[in-house]
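Asks: For reference, the chains in residue letters:
There are 2 protein chains.
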Amino acid sequence: MAKKQNYEENKEFIPKFDENGLIPAIAQDARTGQVLMAAYMNHQALDVTIQSGYATYYSRSRQKLWKKGEESGHRQKVQQILVDCDQDCLILKVSVDAGQCHVGYQSCFYRALKKNSNKELVFIEEKVYDPEEVYKK
Amino acid sequence: MAKKQNYEENKEFIPKFDENGLIPAIAQDARTGQVLMAAYMNHQALDVTIQSGYATYYSRSRQKLWKKGEESGHRQKVQQILVDCDQDCLILKVSVDAGQCHVGYQSCFYRALKKNSNKELVFIEEKVYDPEEVYKK
Chain A
359 MAKKQNYEEN KEFIPKFDEN GLIPAIAQDA RTGQVLMAAY MNHQALDVTI
409 QSGYATYYSR SRQKLWKKGE ESGHRQKVQQ ILVDCDQDCL ILKVSVDAGQ
459 CHVGYQSCFY RALKKNSNKE LVFIEEKVYD PEEVYKK
Chain B
359 MAKKQNYEEN KEFIPKFDEN GLIPAIAQDA RTGQVLMAAY MNHQALDVTI
409 QSGYATYYSR SRQKLWKKGE ESGHRQKVQQ ILVDCDQDCL ILKVSVDAGQ
459 CHVGYQSCFY RALKKNSNKE LVFIEEKVYD PEEVYKK
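Chains as they are written, first to last, in this note's numbering: chain A, 359 to 495; chain B, 359 to 495.
None of these hints come from the bench; they were simulated from the model.
Treat the hints loosely; a few may be bogus.
As the list makes no split between identical chains, a pair holds if one copy fits it or if it spans any two.
The list that follows gives simulated cross-link-like pairs (lysine-lysine, DSS-like), each with its CA atoms no further than 30 Å apart [stated by the list, open to error]:
id: 1; residue 1: K494; residue 2: K473
id: 2; residue 1: K494; residue 2: K472
id: 3; residue 1: K425; residue 2: K374
id: 4; residue 1: K472; residue 2: K425
id: 5; residue 1: K374; residue 2: K422
id: 6; residue 1: K485; residue 2: K374
id: 7; residue 1: K422; residue 2: K473
id: 8; residue 1: K477; residue 2: K494
Next comes chain A alone, as it looks inside the complex:
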């Protein structure tokens, strides 16, 4: 119990990576507070993010480091990195100058559950760029 409290009250950054070596990371617009996306980092991605100042994640589908914006140019400049009480989740407060979701929206969270429904979504955002233009080969 003492150890747990230390963990929560101390000033040592000891992020907990899960059994796959990953920690969830939430990107939040530092200016507006909008949550832009949620992804994962491995130890290397976190190191690269801290060193470079730009968000780098670990892509579970591609199984490699994913420098956010490497293809689209829609990077995230990191202003601050927050960690939660048990140090198993991060928030990146970021500055962005373009839409952050590959579908074309500012945020990946562009749909909400309709009131009084457990099945139907409503779109709550408009697209801010054309992904076919940005991701064209």
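Fit chain B to the given chain A structure using the hints.
Replies: Just chain B, lined up with the frame of chain A:
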């Protein structure tokens, strides 16, 4: 590819639970935009949340449903549930009237990595309640 696009562009809520039957859920203050905590839901927790209108998570450590605030009284009234492009992460926009972190802070994200350090944290919030009072037996 067509299927993937449908998934991202459709209005059907089909949340993806992981191999443990869980989906990450981020609680965000609907008024201030502050991210309060990140936790997990199983299918039942999501159902209970939708039906009751109050956030219910799945506690991985206790391996059971966790009605947020059942002990502290610090509940989260759900205003809106957002889902991301690939439907494997949720945001709960919630109304709260008390601190949400069991350590005594408004948000679980009460520490940030110090500038130009990869090891040292700084506290960025003050406690808003005394957990020993709230969680006393």
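Asks: All the hints need checking, so say for each whether the structure fits it.
Replies: Against the structure, the hints:
In this assembly of identical chains, K494 and K473 lie within 30 Å of each other by CA distance neither inside one copy nor across copies; the values are 37 Å within and 37 Å between. Taking the closest pair of Cα atoms, K494 and K472 never come within 30 Å of each other, the shortest separation being 33 Å inside a single copy and 39 Å across copies. In this homomeric assembly, K425 and K374 come within 30 Å of each other (Cα to Cα) both inside a single copy, at 21 Å, and across copies, at 24 Å. Taking the shortest alpha-carbon separations for K472 and K425, only the inter-copy value of 22 Å comes in at or below 30 Å, while the best intra-copy value is 34 Å.
Taking the shortest Cα distances, K374 and K422 sit within 30 Å of each other both inside one copy (19 Å) and across copies (22 Å). Taking CA atoms no more than 30 Å apart as the test, K485 paired with K374 passes between copies only; the shortest distance there is 23 Å, against 35 Å inside one copy. For the homomeric pair K422 and K473, the shortest alpha-carbon distance between copies (27 Å) is at most 30 Å, but the shortest distance inside one copy (38 Å) is not. For a Cα distance limit of 30 Å, the shortest separation of K477 from K494 qualifies neither inside one copy, at 33 Å, nor across copies, at 40 Å.
Hint violations for this structure: numbers 1, 2, 8, all remaining hints satisfied.
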